[in-house]
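J.: Residue strings, one per chain:
2 protein chains.
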Amino acid sequence: MDITVAVDAMGGDHGTHVTVPAVLRFLDQHPDVNVVLVGLPDAIEAELKAQRRQCGPRLRIHAASEVVTMDEAPQSALKNKKDSSMRVAINLVKSGEANACVSAGNTGALMATARFVLKTISGIERPAIAKMMPTRKGGETCVLDLGANVDCTAEHLMHFAIMGASLFAAVKDRSHPAVGLLNVGEEEMKGNGLVREAGELLRASQLNFVGNVEGDDLYSGEVDVVVCDGFTGNVALKTSEGLAKMLSDFLREEFFRNWWTRALAGLAWPVIGRFKKRVDPRRYNGASLLGLNGIVVKSHGGADSVAFYWALKQAVEEARAGVIQRIAEQVHHQLAVKTPLINAE
Amino acid sequence: MDITVAVDAMGGDHGTHVTVPAVLRFLDQHPDVNVVLVGLPDAIEAELKAQRRQCGPRLRIHAASEVVTMDEAPQSALKNKKDSSMRVAINLVKSGEANACVSAGNTGALMATARFVLKTISGIERPAIAKMMPTRKGGETCVLDLGANVDCTAEHLMHFAIMGASLFAAVKDRSHPAVGLLNVGEEEMKGNGLVREAGELLRASQLNFVGNVEGDDLYSGEVDVVVCDGFTGNVALKTSEGLAKMLSDFLREEFFRNWWTRALAGLAWPVIGRFKKRVDPRRYNGASLLGLNGIVVKSHGGADSVAFYWALKQAVEEARAGVIQRIAEQVHHQLAVKTPLINAE
Numbered sequence: 001m002d003i004t005v006a007v008d009a010m011g012g013d014h015g016t017h018v019t020v021p022a023v024l025r026f027l028d029q030h031p032d033v034n035v036v037l038v039g040l041p042d043a044i045e046a047e048l049k050a051q052r053r054q055c056g057p058r059l060r061i062h063a064a065s066e067v068v069t070m071d072e073a074p075q076s077a078l079k080n081k082k083d084s085s086m087r088v089a090i091n092l093v094k095s096g097e098a099n100a101c102v103s104a105g106n107t108g109a110l111m112a113t114a115r116f117v118l119k120t121i122s123g124i125e126r127p128a129i130a131k132m133m134p135t136r137k138g139g140e141t142c143v144l145d146l147g148a149n150v151d152c153t154a155e156h157l158m159h160f161a162i163m164g165a166s167l168f169a170a171v172k173d174r175s176h177p178a179v180g181l182l183n184v185g186e187e188e189m190k191g192n193g194l195v196r197e198a199g200e201l202l203r204a205s206q207l208n209f210v211g212n213v214e215g216d217d218l219y220s221g222e223v224d225v226v227v228c229d230g231f232t233g234n235v236a237l238k239t240s241e242g243l244a245k246m247l248s249d250f251l252r253e254e255f256f257r258n259w260w261t262r263a264l265a266g267l268a269w270p271v272i273g274r275f276k277k278r279v280d281p282r283r284y285n286g287a288s289l290l291g292l293n294g295i296v297v298k299s300h301g302g303a304d305s306v307a308f309y310w311a312l313k314q315a316v317e318e319a320r321a322g323v324i325q326r327i328a329e330q331v332h333h334q335l336a337v338k339t340p341l342i343n344a345e
Numbered sequence: 001m002d003i004t005v006a007v008d009a010m011g012g013d014h015g016t017h018v019t020v021p022a023v024l025r026f027l028d029q030h031p032d033v034n035v036v037l038v039g040l041p042d043a044i045e046a047e048l049k050a051q052r053r054q055c056g057p058r059l060r061i062h063a064a065s066e067v068v069t070m071d072e073a074p075q076s077a078l079k080n081k082k083d084s085s086m087r088v089a090i091n092l093v094k095s096g097e098a099n100a101c102v103s104a105g106n107t108g109a110l111m112a113t114a115r116f117v118l119k120t121i122s123g124i125e126r127p128a129i130a131k132m133m134p135t136r137k138g139g140e141t142c143v144l145d146l147g148a149n150v151d152c153t154a155e156h157l158m159h160f161a162i163m164g165a166s167l168f169a170a171v172k173d174r175s176h177p178a179v180g181l182l183n184v185g186e187e188e189m190k191g192n193g194l195v196r197e198a199g200e201l202l203r204a205s206q207l208n209f210v211g212n213v214e215g216d217d218l219y220s221g222e223v224d225v226v227v228c229d230g231f232t233g234n235v236a237l238k239t240s241e242g243l244a245k246m247l248s249d250f251l252r253e254e255f256f257r258n259w260w261t262r263a264l265a266g267l268a269w270p271v272i273g274r275f276k277k278r279v280d281p282r283r284y285n286g287a288s289l290l291g292l293n294g295i296v297v298k299s300h301g302g303a304d305s306v307a308f309y310w311a312l313k314q315a316v317e318e319a320r321a322g323v324i325q326r327i328a329e330q331v332h333h334q335l336a337v338k339t340p341l342i343n344a345e
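Just so you know, the sequences run in chain order A and B. Using the working numbering, read the first sequence as starting at 1 and increasing by one per residue. Using the working numbering, read the second sequence as starting at 1 and increasing by one per residue.
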């Protein structure tokens with residue numbers, strides 16, 4: 001099946017300078033993918049020209065006259081920028097012209113706009129932000145929510161579990177993924193009121209709920225999905241970024257200490273390079289806004305074109321795996337929602 | 001000033017096999033420190049003999065007939081094991097025979113027992129667990145609470161801030177340490193209800209409150225103290241442990257891939273060794289139970305003797321810096337508590 005991705009070409013700290021090169025490389029490597037670049041035509045054309053490329057049957061430009069800035073308030077973007085590249089890209093998903101959209105723009109504005117345009121899946125109150133993280137076992141673990149919902153109820157966590165399990169099952173082709181609830185200990189009575197209540201709901205659910213997990217299980221590979229409120233998830237994610245940055249700084253400092261260590265670094269470069277590649281955060285750049293009637297993938301605002309490429313990949317994989325349909329079915333099945341499934345006519 | 005430390009010799013996964021060698025090395029390197037080894041005399045004597053050492057003016061044994069197990073319920077330990085090595089070590093702090101105590105035992109039991117025996121400092125409702133973490137700038141940041149209080153009020157976070165700032169000021173000899181509130185964004189309106197309310201209290205306080213910080217600031221060195229509820233802090237700490245373990249596994253795998261990478265690892269060993277030493281978690285092993293009328297330092301249960309050594313160091317530094325007095329003064333000053341200061345007569 002050919003997949004069409006709408007790309008907010010203007011989003012992120014570097015706009016078209018990052019999005020356009022990433023799209024071009026992605027198209028070269030994925031012959032069954034089409035891309036619609038959404039944004040200011042002049043800026044997009046200029047970048048295409050700089051890359052000595054042009055539009056064609058698999059790459060077209062869709063004009064949008066406005067750009068949401070990185071620090072704009074979500075409600076202001078939603079109200080005042082109806083022709084923003086972000087909004088128009090999401091509109092293309094809504095209208096069915098695209099199977100998914102990708103933006104490196106302002107997270108709050110993207111979530112507010114996507115929610116307004118696409119609406120949530122029947123039965124889901126709150127969309128969540130989910131991300132695959134690398135694990136010690138070599139696989140990946142899906143973690144959510146990473147910051148969309150800082151105040152959650154136990155029901156919200158239950159919904160996140162259903163959505164995360166559906167995403168993992170669809171994209172990784174795994175039936176009954178193992179779901180863990182992020183807590184401060186493994187015993188059932190551990191944790192604050194929210195997680196104890198969520199634990200009860202999850203134990204009573206039809207999910208493959210394996211119980212409480214702790215922070216180190218984000219990277220242990222013991223579970224496929226880790227569920228948490230958006231406050232905790234955001235802190236865990238950013239703590240990881242901070243630690244990784246510190247370790248990387250220290251390693252570089254030690255290898256650049258003097259001529260001898262620099263020589264060693266040169267010799268060991270292939271080894272260090274392979275290590276860096278395995279844990280390169282750019283490979284885990286695509287965060288999914290789950291719970292909407294359409295695929296929306298958020299790239300880090302500061303992403304370079306390699307990182308943006310991986311966000312495109314995440315969007316295409318979700319579209320190909322029919323993630324929205326899977327989530328809607330699971331929500332319907334697990335929550336027994338009595339409303340028609342989307343795309344089910 | 002000579003410092004006497006009471007050591008729960010039986011605590012932790014390895015008991016005397018770890019605590020006794022750590023104490024012996026610590027005494028050799030710190031001539032103004034005395035240690036009381038608390039526990040089963042036979043086990044302690046056996047380990048001393050194995051180390052070809054004996055008691056003397058700076059090292060004595062204080063018998064305790066019971067041992068709190070690592071999975072024992074805190075209330076059961078408190079109620080049924082009144083002659084445990086953990087409890088007797090804390091009693092020695094209470095009676096003034098020791099200036100601080102260190103235990104690698106069960107955290108819940110240690111907190112419950114310490115709280116029961118020592119009581120909290122006037123004005124403090126909930127003791128917290130604090131730890132120094134390494135930072136990119138080369139210094140340290142004190143983070144609390146790391147798990148003692150999974151449900152907190154804004155007032156508790158305010159108390160943690162006062163305690164953390166007092167600890168940092170005392171041990172690092174820094175006046176007005178910069179305090180940050182762990183949140184999901186820097187803007188004042190960010191976060192859940194708890195942190196928004198705590199932010200207001202902190203802004204109105206006399207602390208050097210610099211505002212919200214994010215997860216990566218645990219390692220950025222931008223602030224001296226990071227305050228959070230125990231649920232979030234515990235997740236952040238364990239997430240860090242999990243990520244560090246994954247990265248260390250991956251680095252080892254790459255360097256042990258074949259004979260050539262092994263040879264490189266051999267050559268680069270001094271460089272890698274220096275890197276590992278800088279981030280060795282054993283150097284950050286001592287967690288402080290703050291808010292009690294006495295110094296209690298918790299070592300990781302699985303600590304080896306190097307890690308336990310660092311917990312002893314933390315306890316001695318706190319005793320030398322008069323941390324309890326500092327906290328009591330600051331609580332009194334900042335919360336205007338109208339009760340007599342401890343040790344102030």
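Treat the hints with caution; some may be incorrect.
No distinction is drawn between identical chains; accordingly, a pair holds when it is met within one copy or between any pair of copies.
As the list claims (entries may be wrong) - List of simulated lysine-lysine pairs, DSS-like, C-alpha gap at most 30 angstroms:
hint, residue 1, residue 2
1, 49, 190
2, 190, 119
3, 79, 49
4, 137, 245
For the record, the hints were derived by calculation from the structure and aren't laboratory data.
J.: 30 angstroms Cα cut-off: does residue 49 pair with residue 190 within a copy, between copies, both or neither?
T.: neither (59 angstroms within a copy, 41 angstroms between copies)
J.: Could you figure out if residue 190 and residue 119 sit no more than 30 angstroms apart (CA to CA) within one copy, between two copies, both or neither?
T.: Answer is between: at 24 angstroms across copies they meet the 30 angstroms cutoff, but 35 angstroms inside does not.
J.: Is it within a copy, between copies, both, or neither that the alpha carbon of residue 137 lies no farther than 30 angstroms from that of residue 245?
T.: Result: close both inside a copy and across copies, 22 angstroms intra and 12 angstroms inter.
J.: Is it within a copy, between copies, both, or neither that the alpha carbon of residue 79 lies no farther than 30 angstroms from that of residue 49?
T.: Neither way: residue 79 and residue 49 sit 33 angstroms apart in one copy and 78 angstroms across, limit 30 angstroms.
Hint check: violations occur at hints 1 and 3; the rest are consistent with the structure.
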